[in-house]
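Can you make the complete structure from the sequences, with help from the hints?
Residue numbering for the sequence shown follows this note's numbering, beginning at 81 and increasing consecutively.
All the pointers check out, no bait thrown in.
Below, computed lysine-lysine pairings styled on DSBU-like, alpha-carbon distance capped at 30 Å:
| # | residue 1 | residue 2 |
| --- | --- | --- |
| 1 | K277 | K317 |
| 2 | K152 | K439 |
| 3 | K181 | K132 |
| 4 | K317 | K272 |
| 5 | K401 | K370 |
| 6 | K317 | K443 |
| 7 | K161 | K132 |
| 8 | K401 | K232 |
| 9 | K401 | K132 |
| 10 | K152 | K132 |
| 11 | K443 | K272 |
| 12 | K317 | K439 |
Note that these hints are calculated values from the structure, not bench results.
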Amino acid sequence: MATTSQAIRERFKVIKPNEATGAFFWLSTFFFVYSTRPEDWIPGLSYIPLAKISVVFALIALFMAMGRTRRKIKDLPRESKFLLSMIVLMLLFAPLSPVWKTGALLRALDFAKVYIGWVLTYLLVTNLERLRRLILIQSASVALVALISMLKGSSQLRLHGVLNGIYGNPNDLAFAIVLTVPLILLLLLTSKNIVLKSLWAAAIVVMLYTLFLTASRAGFIDLIISAAVALWFFGVKGRRPALIVGSALIGVLLLVVAGRHLEERWLAITGSEIDSSEKITAYSTYVERKFLMVKAVEGILHYPLTGVGTGVFPAYSGHWKTVHMTYLQIAVEAGLPALVLYLLFFGAGFRKLRKLLRKPDPKSEITMFAWAFYCSLVGFAVGACFAPEAYQFFPYFTVAYISALAATVEEGQPEMEISTDAAASGLKFGRKYGKYGQTRPAQLVR
81 MATTSQAIRE RFKVIKPNEA TGAFFWLSTF FFVYSTRPED WIPGLSYIPL AKISVVFALI
141 ALFMAMGRTR RKIKDLPRES KFLLSMIVLM LLFAPLSPVW KTGALLRALD FAKVYIGWVL
201 TYLLVTNLER LRRLILIQSA SVALVALISM LKGSSQLRLH GVLNGIYGNP NDLAFAIVLT
261 VPLILLLLLT SKNIVLKSLW AAAIVVMLYT LFLTASRAGF IDLIISAAVA LWFFGVKGRR
321 PALIVGSALI GVLLLVVAGR HLEERWLAIT GSEIDSSEKI TAYSTYVERK FLMVKAVEGI
381 LHYPLTGVGT GVFPAYSGHW KTVHMTYLQI AVEAGLPALV LYLLFFGAGF RKLRKLLRKP
441 DPKSEITMFA WAFYCSLVGF AVGACFAPEA YQFFPYFTVA YISALAATVE EGQPEMEIST
501 DAAASGLKFG RKYGKYGQTR PAQLVR
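Right under this line is the structure:
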């Protein structure tokens with residue numbers, strides 16, 4: 081039986097400041113490089129494989145973290161096994177691709193980096209401070225990318241090609257913005273510094289303005305869903321009417337100032353009053369996407385188990401465009417078994433969020449973290465019906481955040497949010513009185 085001293089030490093257990101700090105540093109570097117992608121917009125950096133370098137060091141960090149953290153590899157939750165199984169299927173089926181075997185294998189290997197980041201996040205994020213730090217890195221990085229895109233692409237329609245890489249596609253940029261805005265809202269509401277609050281508020285406005293400049297229809301749908309959930313949680317349940325009113329005013333202002341191109345793209349879907357080159361382009365895109373969806377269904381029927389190969393549907397379609405629906409994208413490229421694992425993975429994230437929110441306390445940081453993650457995940461689940469985001473890392477990172485948060489709560493860190501001073505007091509108490517539990521029952525002190 082554990083002694084009283086041991087029980088108290090375990091009860092007030094906190095993360096040591098130097099626990100696997102080197103591994104966490106490289107995890108943070110991996111998040112920074114992926115979120116900002118500096119090689120895509122800083123001249124000269126394109127010759128330096130920053131992403132590959134960060135992955136190598138992240139792998140080193142993974143080995144550094146072995147046995148040095150509270151959580152072990154054997155503690156990885158079920159959702160990590162779903163993700164790993166999906167990646168294994170992609171790698172196994174790549175040589176069976178009827179289109180491009182080498183391309184499928186390379187794309188699957190590139191996507192496999194997400195698992196390294198996912199596992200490191202779960203192993204190393206063992207308190208709220210580290211979780212907040214990763215969220216801050218992602219939020220600040222995407223906000224910076226949005227600002228640069230807005231400044232560099234003021235004369236470029238839909239910001240197309242303003243940056244390279246994933247942020248060069250307006251739909252991908254819009255998707256990254258929508259998934260990150262709830263996290264910035266979390267940082268804004270939990271910050272006690274008025275300067276930081278102002279900076280986060282400005283970041284949200286810049287990001288939303290940039291999203292409207294992309295004129296992404298999928299991004300706009302994603303924004304509406306995510307914003308509605310965020311206002312329900314943080315505005316209604318959190319009793320912040322000013323947030324609801326302010327959000328409505330900013331939304332109307334952005335629609336008036338930057339919503340013209342988005343409006344034209346929506347009207348183009350009807351096929352009527354196509355009287356400008358932009359409307360013609362938007363309507364032809366709409367027709368093309370319908371064709372690609374039909375082509376994806378055909379591919380699923382022909383290759384239901386193995387798919388056509390990870391990332392090679394554009395070649396299979398003959399139009400060199402991917403299908404604009406994430407669920408079809410996974411099914412046609414990686415097969416139906418991979419789609420099942422994909423749905424199980426994100427379903428596990430939702431289940432953990434529901435567990436965390438069974439008895440929500442609007443004033444608790446745990447609840448606010450869970451609300452922010454719920455907004456991002458709901459926005460992704462709906463937005464994935466209209467965008468090809470199967471291989472973007474941000475949704476997978478969100479599930480990693482959720483799993484780390486749930487594990488932290490289960491380990492006893494947190495609704496009480498024990499401070500370091502309180503933990504130290506508990507340890508002192510244990511040293512002083514713990515001996516009574518070792519030799520004999522404690523006697524009544526008169």
